[in-house]
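There are 4 protein chains.
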Amino acid sequence: MSFNSFGHLFRVTTWGESHGPALGATVDGCPPGVKIDEAMLQHWLDKRKPGQSKYTTQRREADEVKILSGVFEGETTGTPIQLMIENTDQRSKDYGDIAEKFRPGHADITYWQKYGIRDYRGGGRSSARETAARVAAGGVARAALASLIPDLKITGYMVQMGEHKTAKRDLDQIEQNPFWVPDAAAAETWATYLDGLRKSGSSVGAMIEVVASGAPAGLGAPVYAKLDTDLAAAMMSINAVKGVEIGAGMEAAMLTGEANADEISMGENGPEFSSNHAGGILGGISTGQDLVVRFAVKPTSSILTPRKTITKSGEATEIITKGRHDPCVGIRAVPVGEAMMACVLLDHVLLHRGQIGENRGEIG
Amino acid sequence: MSFNSFGHLFRVTTWGESHGPALGATVDGCPPGVKIDEAMLQHWLDKRKPGQSKYTTQRREADEVKILSGVFEGETTGTPIQLMIENTDQRSKDYGDIAEKFRPGHADITYWQKYGIRDYRGGGRSSARETAARVAAGGVARAALASLIPDLKITGYMVQMGEHKTAKRDLDQIEQNPFWVPDAAAAETWATYLDGLRKSGSSVGAMIEVVASGAPAGLGAPVYAKLDTDLAAAMMSINAVKGVEIGAGMEAAMLTGEANADEISMGENGPEFSSNHAGGILGGISTGQDLVVRFAVKPTSSILTPRKTITKSGEATEIITKGRHDPCVGIRAVPVGEAMMACVLLDHVLLHRGQIGENRGEIG
Amino acid sequence: MSFNSFGHLFRVTTWGESHGPALGATVDGCPPGVKIDEAMLQHWLDKRKPGQSKYTTQRREADEVKILSGVFEGETTGTPIQLMIENTDQRSKDYGDIAEKFRPGHADITYWQKYGIRDYRGGGRSSARETAARVAAGGVARAALASLIPDLKITGYMVQMGEHKTAKRDLDQIEQNPFWVPDAAAAETWATYLDGLRKSGSSVGAMIEVVASGAPAGLGAPVYAKLDTDLAAAMMSINAVKGVEIGAGMEAAMLTGEANADEISMGENGPEFSSNHAGGILGGISTGQDLVVRFAVKPTSSILTPRKTITKSGEATEIITKGRHDPCVGIRAVPVGEAMMACVLLDHVLLHRGQIGENRGEIG
Amino acid sequence: MSFNSFGHLFRVTTWGESHGPALGATVDGCPPGVKIDEAMLQHWLDKRKPGQSKYTTQRREADEVKILSGVFEGETTGTPIQLMIENTDQRSKDYGDIAEKFRPGHADITYWQKYGIRDYRGGGRSSARETAARVAAGGVARAALASLIPDLKITGYMVQMGEHKTAKRDLDQIEQNPFWVPDAAAAETWATYLDGLRKSGSSVGAMIEVVASGAPAGLGAPVYAKLDTDLAAAMMSINAVKGVEIGAGMEAAMLTGEANADEISMGENGPEFSSNHAGGILGGISTGQDLVVRFAVKPTSSILTPRKTITKSGEATEIITKGRHDPCVGIRAVPVGEAMMACVLLDHVLLHRGQIGENRGEIG
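Protein chains in written order, with our numbering: chain A, 14 to 377; chain B, 14 to 377; chain C, 14 to 377; chain D, 14 to 377.
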């Protein structure tokens with residue numbers, strides 16, 4: 014029940030701060046014999062890496078991951094995999110102002126109150142840099158899933174930036190724009206919009222959707238190993254996330270029973286559903302449909318407009334956060350959400366195999 | 014990492030099915046010396062009990078809780094508390110039709126596929142009756158919290174039923190209507206609306222808000238012991254919940270950094286905030302503000318309109334669910350949400366005391 | 014990380030006190046489709062039941078186990094199994110003297126100091142009655158193991174009572190005497206010896222050996238999921254146990270490397286070993302040999318000889334424990350040790366299947 | 014329920030192999046504000062370090078520990094502490110022979126069967142090098158304990174090497190000889206004895222005792238958070254340990270109730286006991302007496318006498334292990350046992366504070 018761990022059988026513990034020498038993830042419970050190397054993990058880290066476009070923080074981190082254990086001659090050994098990412102660009106001088114002042118919307122004040130320790134150089138453990146470790150661990154999970162469920166595909170993308178929503182799901186577009194938005198037209202509008210925000214030193218929230226297609230029916234379990242319970246926890250544990258929804262999500266509150274229930278028919282490869290309000294989960298267990306999760310990321314509070322705050326000694330003051338920050342942190346949350354989906358799914362595949370072996374109930 | 018357990022130090026394991034002899038909760042880790050008796054727990058169970066008004070299922074369960082262990086002469090002993098609720102009204106004849114057919118929107122199909130066992134009498138473990146056990150456990154948590162944080166107050170209420178939202182938060186009204194809606198006018202509109210749905214055999218979703226006021230700053234921890242992580246998991250683990258949000262929630266996606274960041278000033282009793290978009294949590298740790306969680310409950314799929322489905326042998330058919338069900342299951346989710354809030358908070362109070370003792374950082 | 018739970022995937026939480034209305038076990042994670050009924054569990058409980066011979070406590074408990082959940086039409090459903098045993102003979106008058114005095118060698122004084130609660134009627138949670146719940150849970154584990162590893166056989170027996178050791182392992186004798194000693198001659202000697210102790214109101218310690226034959230190679234994992242780590246914890250968690258050893262055990266301290274290392278050869282069905290100093294475990298993982306665990310049970314401190322002690326108010330006094338107690342509690346620890354072995358093995362079979370699927374390395 | 018983690022609130026996950034680039038420990042749940050630096054941890058590592066005398070392996074590892082996270086300006090922050098030790102002397106050529114042959118008494122065969130991966134350079138994850146990570150984590154635990162229980166003193170020493178036992182407990186002698194034996198005369202005898210073994214390429218087992226004095230009453234909890242349960246698991250999880258005992262230990266099997274029960278009297282600072290057969294633990298909870306644990310370490314199987322074994326292809330062969338090994342690995346297990354005691358105690362101090370706050374029952 015480690016504070017910094019998640020997962021049941023596939024268990025990830027992240028460690029490290031934004032301005033320490035390194036951060037990383039201790040990954041335990043990975044099946045043996047999974048082909049893995051640093052380049053594979055780097056691929057996912059590069060998606061999250063800062064400084065990729067003018068729309069993300071200009072902090073220049075190589076974010077190079079090293080595998081320190083658990084892999085031998087290119088295959089996982091079944092023992093703990095240590096993934097380490099060294100911090101290289103720790104320009105702490107940029108952060109000087111925050112040593113004494115609490116940044117509104119940041120964890121400065123709560124960490125100080127609880128722990129009585131203040132890393133004046135930045136967010137420390139509460140920094141979004143922690144998510145690099147998750148992306149690395151997610152890379153391991155993806156590799157293991159690739160052999161266990163070859164048809165599984167995990168795709169994350171933005172569906173909203175501020176007031177701008179996209180209804181389109183043109184997945185081919187995702188890699189074509191710096192926002193991972195599945196909509197070419199939206200990508201252009203958003204670019205203009207975010208440019209404006211960036212220049213004015215403002216920021217904005219976002220909504221990300223992560224879909225896993227090809228997952229089998231039967232993953233999950235009652236109550237606290239519900240697939241949706243674990244997905245909710247996984248996504249909510251990401252920095253700046255304020256809401257998580259599955260399938261119809263918060264909209265389910267508006268629906269009638271007739272509209273909400275996904276009707277069932279028999280397809281060639283098993284049950285099919287007329288719609289997917291359930292987001293692929295019924296009673297905490299996967300139906301075989303797409304698993305659909307969305308989460309909202311708040312705008313970073315690091316903005317150029319002065320905000321009222323107090324100092325450690327309780328005096329009123331104002332703060333402008335001049336550091337290198339993201340006008341829309343939601344962009345970089347996309348690969349993080351994918352990584353969490355991968356970790357949760359691998360964990361449930363192993364749990365399912367552990368308790369059940371193979372699905373026991375046949376249909377047809 | 015029990016499938017059916019939640020909590021770290023204050024740990025609840027629920028058990029039991031809708032049509033078995035009994036269900037209950039094994040509550041471990043409660044502090045000793047907490048005054049508790051069956052009547053105290055019954056108070057909360059009666060809020061959730063079916064058949065309280067014409068708007069909830071007419072299944073008549075006494076829902077009488079018995080304490081089988083862990084309490085001696087009216088005080089908790091610090092050892093496991095076993096709470097048992099016997100099922101009394103198990104009219105299984107009503108459910109005959111579902112033995113062979115899968116109810117759309119229910120867990121029938123996923124439980125069958127995974128476990129290969131079908132309790133033809135009803136939802137079995139996936140039934141919302143499981144939440145009675147959580148409410149009983151929540152009663153224990155409330156009693157423990159009453160001595161640890163005397164100022165803490167947990168209040169749940171409905172803020173939306175179908176298209177009908179209430180913006181009002183007139184807490185005095187909550188107990189005055191069968192919907193726990195904090196708005197007298199809404200209560201009337203909703204009564205008419207739900208009456209119509211009930212008579213037509215339809216159902217509708219709902220949104221519930223649970224607020225904890227008086228919680229101290231400092232509860233929570235990074236990553237997977239984040240207060241919001243645990244609240245998200247706790248609420249998402251409730252039957253029929255499809256989305257969870259904290260503070261500004263999904264709306265955070267729309268906000269700019271200027272609008273979202275709650276400014277800080279120094280009050281007489283410590284830091285104060287100009288607003289509460291954070292929902293009382295920054296970096297996973299409580300700020301001392303109100304903790305605000307909302308969750309959406311889907312409409313029950315047990316409706317009189319025929320829905321297409323399949324049988325266990327894979328044949329196409331239709332189903333009408335005639336059983337005794339709730340036109341708006343969200344109503345009875347209110348005390349369940351409160352119970353989960355109580356369990357999560359007690360757990361974090363104990364975790365905080367365990368790791369930290371008392372908050373270490375002073376302000377002012 | 015519940016205080017009263019053990020196991021990883023197959024997870025048992027016991028609850029209840031010696032003088033409350035009932036005690037039991039919440040068993041989570043059992044595979045579905047395991048045939049189980051109350052009679053099967055009762056078989057094992059009857060082995061442990063008090064009052065079976067003049068050598069065990071005369072407390073007359075029916076120890077009838079009821080299955081309250083998790084079993085439907087004779088098969089496990091994969092959801093939590095609640096096992097309840099009602100206390101029937103709670104003659105609390107016998108225990109009057111211990112309300113104010115701490116019994117030496119009992120947990121009275123530590124429970125009082127820690128929890129500040131004193132169940133003056135008996136041992137409460139620290140009573141060996143708790144082990145009835147483990148035996149019931151062990152019955153579930155045995156049933157699941159019977160289908161997963163048909164060749165597995167778990168056999169417990171006494172190898173020492175006081176100064177009397179048996180070197181013989183004549184397993185056919187185990188059920189032929191009230192001591193579960195695999196040695197007909199020892200059974201006679203021990204009967205005389207224990208009769209004397211019983212009449213003089215004394216008590217004596219014992220050593221129990223539990224062997225599992227037929228377990229496959231590959232169960233276990235490094236460090237804290239080592240099979241021997243879990244067996245040590247499982248056995249040490251039984252009341253009155255003061256030591257646990259695997260294979261050569263404490264004697265390993267005396268051996269040279271030449272004597273200790275079990276040489277390996279190739280048999281028809283895989284590797285064979287010239288001896289079993291390892292107790293069937295190397296590096297925390299099973300070798301396929303017999304798994305051999307021994308544990309020492311201290312003599313009960315409930316004796317007729319007056320012992321010096323103090324009262325709750327700190328005054329010096331003496332105590333004689335007149336209650337109904339066992340001259341050799343080790344006898345009834347035999348089925349408890351077997352139950353713990355079954356629970357640990359099932360847990361590791363599921364863990365192994367979860368992480369690995371099937372053993373990956375072939376020999377020959 | 015990570016395979017490679019131990020502890021509840023103070024939770025340590027070790028990682029790394031004998032011949033990889035590094036190994037270490039991720040330490041989560043440490044209280045904040047504990048003064049710690051690399052030199053403090055190095056002190057303990059140096060005790061365990063190979064090559065300290067001619068009686069331990071000649072592998073020359075600097076065993077330099079680096080703190081990568083969780084410590085800021087010399088104090089723990091309350092977030093995960095990453096401790097890394099780089100492997101420097103990995104002379105893998107020495108190990109060539111074991112690529113194809115299974116060393117009897119080593120985990121080669123079980124790791125191969127389970128994981129299907131064979132690190133032909135050495136023990137990999139099953140190597141005793143893993144214990145370096147525990148010693149580093151134990152150093153953190155000691156530092157935290159120093160502020161929480163200033164009077165606590167943890168002392169480990171050897172009490173047996175092969176047939177040679179010491180009855181003496183002259184603690185001043187421990188640091189005066191390379192065996193950590195509390196007996197000057199024994200140290201001399203043992204030196205001669207071990208010299209002989211070393212020269213003949215043989216090895217021998219050992220028994221280690223670890224005592225914690227100054228621990229308060231009240232630590233522990235029922236069943237699976239018993240202090241003795243956790244100590245048994247902690248010690249048994251150390252490489253090569255085959256038995257663990259508390260207080261009278263296995264000898265308890267021989268005792269009568271009169272001999273075993275430690276009588277209680279009232280001392281100036283609370284209850285006192287006439288003896289300590291209990292090893293400081295009753296009902297799983299500490300009494301305030303010395304906590305006394307012993308464990309047996311088997312002789313290393315790396316010896317010069319040829320032993321029969323098989324190859325991966327199942328052919329009969331012989332093996333001589335020429336590598337750099339310890340004639341008595343028990344020597345280096347002393348600081349490891351101390352470290353495990355420290356980790357378990359800190360964990361229980363935090364658990365106790367979490368659930369209880371302070372002891373609730375007064376005496377006198």
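Simulated from the structure, these hints should not be mistaken for laboratory data. Some hints could be false.
Just so you know, same-sequence chains aren't split out, so a pair can sit in one copy or run between any two.
Quick list of in silico lysine-lysine cross-link-like pairs, DSSO-like style, CA-CA up to 27 Å [stated by the list, open to error]:
no., residue 1, residue 2
1, K67, K48
2, K166, K178
3, K335, K166
4, K79, K62
5, K212, K67
Could you check the structure against the hints above and give me the numbers of any it violates, in ascending order? Numbers 1, 3, in rising order.
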